Each structure stands twice: as C-alpha cells, then as structure tokens.
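Trainee: From first to last, the protein sequence lines stand for chains R and L. Quick note: the first sequence, position 247, residue 247 per my numbering, numbers continuous. To convert a position in the second sequence, counted from 1, into my numbering, add 1000.
Hints are computed from structural coordinates only; laboratory data are not their basis. One should not assume that every hint holds.
[Unchecked claim] Okay, derived cross-link-like pairs now, DSS-like style, lysine-lysine, Cα gap no bigger than 25 angstroms in a straight line:
(1) L:LYS1076 x L:LYS1162
(2) L:LYS1090 x L:LYS1010
(3) L:LYS1077 x L:LYS1156
(4) R:LYS78 x L:LYS1232
(5) L:LYS1007 x R:LYS61
(6) R:LYS258 x R:LYS32
(7) L:LYS1010 x R:LYS61
(8) L:LYS1090 x L:LYS1206
(9) L:LYS1162 x L:LYS1236
(10) R:LYS78 x L:LYS1077
(11) R:LYS6 x R:LYS152
(12) L:LYS1090 x L:LYS1156
Computed from a prediction, not measured in an experiment: that's the story for all the values here.
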Amino acid sequence: MPSKKKTILRILIYLVLAFAPAFAIELIFSDKQGDVTNAFWGATLMLYPAIASIITRLVTKEGFRDAMLGFGRRGSAKYYAAAVLYPLVLPFVGAAILHLFIVKNGSVSDSAFGSDVVMGFASLLIGLASGIATLFHGLGEELGWRGYLTPKLEQLMPTPAAVAVTGIIWALWHGPLLAYGYNFGRDYDFFPYGGFIAMTVMCISWSALLTWLTKRTDSVYPAALCHMLIDTVAVFLLFAYNAEGEYFEFAVPEFWVKILALFPMIIASGAVCMVLISRKKKVPSGT
Amino acid sequence: MTGYLYKEFKLNIRLVLLFLLTYIFFSVVPIFTVYDSKDDDTIGQTLTMILGAFCVFVFITAGCIQSGVFSGDDRKKWAYFVTSTPSGIKGYIGAKYLFTMLFAMFVVTLETLKLALAEQILGQSSGLSVLIAAMFYVQLFMRAVEYPLIVRFGTKTGGMVKITAVCVIILAVIIYALFGDTSAFASMDTFWERMFAFVGDPDKLKKLLLWVGVCTLAVLPLYYLSYRISVKLYLKGAENYAK
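In isolation and in its complexed conformation, chain R is listed as follows:
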C-alpha cells in the first residue's frame, strides 16, 4: 500500500483535474439559472471525473489493475438488477408521497403520467433504454468518484467517512451550477445555501448506494448504470404536473416538494447501504 503522503498527492492531482475543467465550463458558460448555455461543453461535463482518474493513473503510474473494469465477481447479477430497479422505483415512491401528503388539488390519475399512461410508460422505457445506451456518461463520473476517489480516501479513513467525504466532494463539484439554482431552483428563502445542503445530503446518500454496488460487485458498471438511470428515468416530474402541463397546488413551497417526496427513499437507501458497507466481514473461527 502506498504511503499516506503519496495517497494524498494522488487525490489532490485527481481533484484538480476533475474540478478545473468542470468549474471552467460551469462558470464560463453559465446561464445564471443553474444550467450551461453551451450545449457541446455541457454534454462533456460528466466525462471529466473519468478523464481525471485516467490521467492521474497514468501520471502516478498506478496502472489500471484496481480500476474495477471487469463485469464483476460471480453472483453480481442481483446487484445489476438492483442498479436498474432503484431508479425505476424511486419516482413511483416519490409520486406516492407527493400525492398522499403534498398535492392539494388533484390525484395521481389527474397527473400527466396518470392521465396518459401510454406516454408515461413510453417515457419510462425510453428513459431506461437511453440511460443504458449512454452508460459511458455515467461511467464518466463513476470511474472517477467510486472507481478512484472513494478507494483512495479509504486508505486514509474508515469506509463510511470515505463515502461521506466523496459525497461532499461530489456535491461541491456541481458548485457553480448549484450557486445559480441547479436541481432545486432559486425560489426559496435561503437560496443558494439550501440547494447546497440538499445536494450534499443527496450526494452522500447516493455515494453510499453507489459505493455499495461497486464494492459488492468489484465493478464500476452497476454504479454507472444506476447513476445514469437516475438521470434519465426522470418520470417523477410527470406526477408533479397535471394533464395540462401545469404544476399541481402544493402544501409546501416548491423547493420542499422534491425534498419531501424523493429524499425519504434516497436517505433511507443511503443509510441502509452505509450500514451494509460498514459491516466488517466475519472472519471464520479457527483461522
């Protein structure tokens, strides 16, 4: 195992390489609303963590032995299934909470999804299909965060702390976009700090889930698959709109809608995964 100093140096090289191009694009091409104006550079954003990890591995001559590029160990199929199922279940659990507790003037059947089930399922399937096809983008982030950063941090601290620190760094990587309202909008009292806090909680939870998938399979593909599908199977919003394409009336401000509807499952799954990856493997007696 390399010395602590060497590991810290490798982490620093990686972070500079991952953050510099992303921050440059997010700042130079910012539309000041949480998105980027340049479609091309915007489309490259997810690739920088992987590019950073590849360059770092080449520069530090670490090689790719521990890059987890194989399919995974025997019995990994159930984790691949979990990686697909989680993003499919998440919007529906969110929709159930949304319509049970948050929406004031309608039901699921009035929503854009419920009023046009064919289109709803078509969106779901197309999202699923395009998520798998664009897995390389998901790999672009996961090769960096779960494939490089978390294992390196684990050499410096316990696994749960490494997972949490990765989550915080991952959230901060979206910093310039968050500062302008990415993911959570701008229309809330404590903008933009609320967005930062919410993103950090979300990233730590997903960091636990994705690290669990990576560790159990010894492969980055399930995490990349799960990450990409979370991004593409975005049917939750179809439950937040009515058939006319207008937002329902909510019992809470808009900022809290996503948090109250989606965060329970995100945090619960993250907590369970954190416990699972923290558990020490039992050493058989007599060894």
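Once you have looked at the hints, place chain L on chain R.
Mentor: For chain L alone, kept in the frame of chain R given last:
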C-alpha cells in the same frame, strides 16, 4: 477478465483511432453542410435528415470494427489456452461482448457530443437522440446474432453464414418490391409527407415510442443469451479452427 479486456483494447486501438479520425471528418462535414443553408426555412428537416444519415453511417462503420473482434483468435492452440486460464471461456467471450458493448456506448457518446455541437453551431436541436439510442440497440442486436455464428464456425465461415443471411433478406426485400404492395413508396414526396404526418400525430407517436422502448430493451436479454450461447459453442467451434 480485465486482462482480456485490456487485450481487446490493445489489439483494436489502431482501428479505434482510425475510426476516430474518420469520425471527426464525418461529424464536422454534415454540420457545416447544413451550416451553409442555415437561413433556409426547412433547416430543421434538412438537419435531421443529413445528421440522421451520417449517424447511421457512423454506426455501420463502428459495426465493421465490432465484427472484427474475433478475427485472428480462431486458432485451436489459443482456444485451448483460453480454456486453461482462470477466467476461462466465460471471461474470454465475456470480454469480447463487453468490449463490443463499451465500444457501442463510446460511439453513442461521440454521437451525443456531435449532436450537441450541431445544436451549438446551428442554434437548434436535431431531435435525433432517440435515433442514436435506437441505432445502439440495432447494433447490439446484429452482434448478438453474428457472434455465436463466428464462435461456432470461425471468422471465415461465420462471416459467410452472415453474408448468406443478409443476401436472403435482401432477396426477400427485392421479391417484395417486385410483387408486393409498394404503393406507400409510389411517390417519395407523399411518402415523406405521410412520414412527417405520422410523427406529428401524438397518438401514433406515443404508441411508436412505447414499441421502440419495448423492442430496444428486449435486445439486452437477447445479447446476454447470445453471450451464453457463444460460451457453450466455443469448444465445439474450436474443433473447426485452424491449428
């Protein structure tokens, strides 16, 4: 497995680089071809048609590289060596399938970036992302059918079986064109009109999208099944390989 994957990467790197070079040419040319007629009213349709045609061409070229991943490996000695390694046949065949899939995904990424570049330069979206995803699955489907044939009969015979199958399909299309109902294609003007009308009809489009989703996702289990069949057939096929 990682070792086999590395071998595939090493052996195919020149082809992939060559592909990248031609790709840059074929991605820049259509964008600037369309750019010349930027002020044209029909720019949206022109953009979709030209970029769509080049997108299909790129996937066909990528398919040629994928088809070649088994070439040179159909040797008895190599086959028995592979069998004796810790990863075994599963690892060896799995690496081929994984490399193919990763390369296809790489092409999807390139195409996504190209469309984003086109959108940036031309100021409007071509709406071809569904076509890219569809082409990815068509490509996987083709490989899922082709690879077991190559594994069982070797690159040469497997290739011939594939060409025969393609010829039979082309022959069937020709026979249909000669004797079947071709009224839909009688006039290309009305064909495109009907095509755009079909895409413009929300109900039909919804059903089409649903079927596209179902069919594309059905390719994945088929691809896995193809991998399992290839693993099963490998040693049988090795008997026919050259020494």
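Trainee: Taking the hints in turn, state whether each one holds.
Mentor: Here is how each hint holds up against the structure:
The hinted pair formed by LYS1076 (chain L) and LYS1162 (chain L) meets the criterion: a straight-line CA distance of about 22 angstroms does not exceed 25 angstroms. Between LYS1090 (chain L) and LYS1010 (chain L), the direct Cα distance comes to roughly 20 angstroms. Compliance with the 25 angstroms bound is thereby established for this hinted pair. For the hint linking LYS1077 (chain L) to LYS1156 (chain L), the alpha-carbon distance of about 18 angstroms falls within 25 angstroms, and the restraint holds. Restraint check for LYS78 (chain R) and LYS1232 (chain L): the C-alpha separation of about 23 angstroms stays at or below 25 angstroms, so the hint holds.
Only pairs whose Cα atoms come within 25 angstroms are accepted, and LYS1007 (chain L) paired with LYS61 (chain R) is accepted, the gap being roughly 19 angstroms. Taking the CA atoms of LYS258 (chain R) and LYS32 (chain R), the gap is about 21 angstroms. The hint holds against a cut of 25 angstroms. Of the supplied pair hints, the one linking LYS1010 (chain L) and LYS61 (chain R) holds, its CA atoms being roughly 18 angstroms apart against a limit of 25 angstroms. Restraint check for LYS1090 (chain L) and LYS1206 (chain L): not satisfied, since their Cα atoms lie roughly 40 angstroms apart, outside the 25 angstroms limit.
Under the criterion of a C-alpha separation no larger than 25 angstroms, the hint pairing LYS1162 (chain L) with LYS1236 (chain L) is consistent with the structure, at around 19 angstroms. With a CA separation close to 36 angstroms, the supplied pair LYS78 (chain R) and LYS1077 (chain L) exceeds the 25 angstroms bound. Of the supplied pair hints, the one linking LYS6 (chain R) and LYS152 (chain R) holds, its CA atoms being roughly 10 angstroms apart against a limit of 25 angstroms. With a C-alpha separation of about 22 angstroms, the suggested pair LYS1090 (chain L) and LYS1156 (chain L) falls inside the 25 angstroms cut-off, and the hint holds.
Hint violations for this structure: numbers 8, 10, all remaining hints satisfied.
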